[in-house]
Amino acid sequence: KAGVTQTPRYLIKTRGQQVTLSCSPISGHRSVSWYQQTPGQGLQFLFEYFSETQRNKGNFPGRFSGRQFSNSRSEMNVSTLELGDSALYLCASSLGQNSIGNTIYFGEGSWLTVV
Amino acid sequence: AQKITQTQPGMFVQEKEAVTLDCTYDTSDPSYGLFWYKQPSSGEMIFLIYQGSYDQQNATEGRYSLNFQKARKSANLVISASQLGDSAMYFCAMSYTLSGSGYSTLTFGKGTMLLVSP
Chain A
10 KAGVTQTPRY LIKTRGQQVT LSCSPISGHR SVSWYQQTPG QGLQFLFEYF
60 SETQRNKGNF PGRFSGRQFS NSRSEMNVST LELGDSALYL CASSLGQNSI
110 GNTIYFGEGS WLTVV
Chain B
16 AQKITQTQPG MFVQEKEAVT LDCTYDTSDP SYGLFWYKQP SSGEMIFLIY
66 QGSYDQQNAT EGRYSLNFQK ARKSANLVIS ASQLGDSAMY FCAMSYTLSG
116 SGYSTLTFGK GTMLLVSP
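Line order of the protein sequences matches chains A and B.
Using our numbering, read the first sequence as starting at 10 and increasing by one per residue.
Using our numbering, read the second sequence as starting at 16 and increasing by one per residue.
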């Protein structure tokens, strides 16, 4: 079956612009979470959605937002981009409500460069 | 606070040899899950193996096995018969329940870069 699909894979944006990243989870998975990965900070949790509801949010400014649709697809948006937002953004999906006991699968990531 | 520690920034191994990547974790919760992921330079985070805190036996998936020592709070990944394609970054991660919310989240270690030489 198809894995977690993220689009676009690579993008370059200018400071001050906004960006939207998309994630399609594995079929049947209802939980989607997003992570930011940078060389300096490593992997940091952004937010998690389950059945269209944001259940958990990491320590990121309000410029970072997300949503989940009824088909479990998710988008994240970053407004007023800063150079420090350059990162690999990873989306993950899992079957159930609780990741303890459920395998979490990641996508290939979206590489964002802000210039 | 929940934490994952990977003390080996880099590891070198020759092809066909076995290698152990270290991971220790810190949590006071009785229920948690431990994951290992492989991340090649392309960026994709590839799931390798999972161990639940209540699982009695060590998890195995093909050439990967997880050496789970609960009392020591360690969850080392063992790769048998290394292959050139195993060269990548390896992350240990733990899922745990956030206090107050009842929901779980995943925390990662800083990773170990494994290089397999011919």
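Among the clues, some could well be false.
Stated by the list, open to error - Only some residues are given here: those of chain A computed to face chain B with a beta carbon under 10 angstroms: (1) E57; (2) F73; (3) I109; (4) W120.
In case anyone wonders, no lab produced these hints; they're calculated from the structure.
Idealized CB from N, CA, C, for every residue including glycine.
Going through the hints against the structure:
no., hint, in the structure
1, E57, "holds, 7 angstroms"
2, F73, "violated, 16 angstroms"
3, I109, "holds, 5 angstroms"
4, W120, "holds, 6 angstroms"
The structure shown violates just one earlier hint, number 2.
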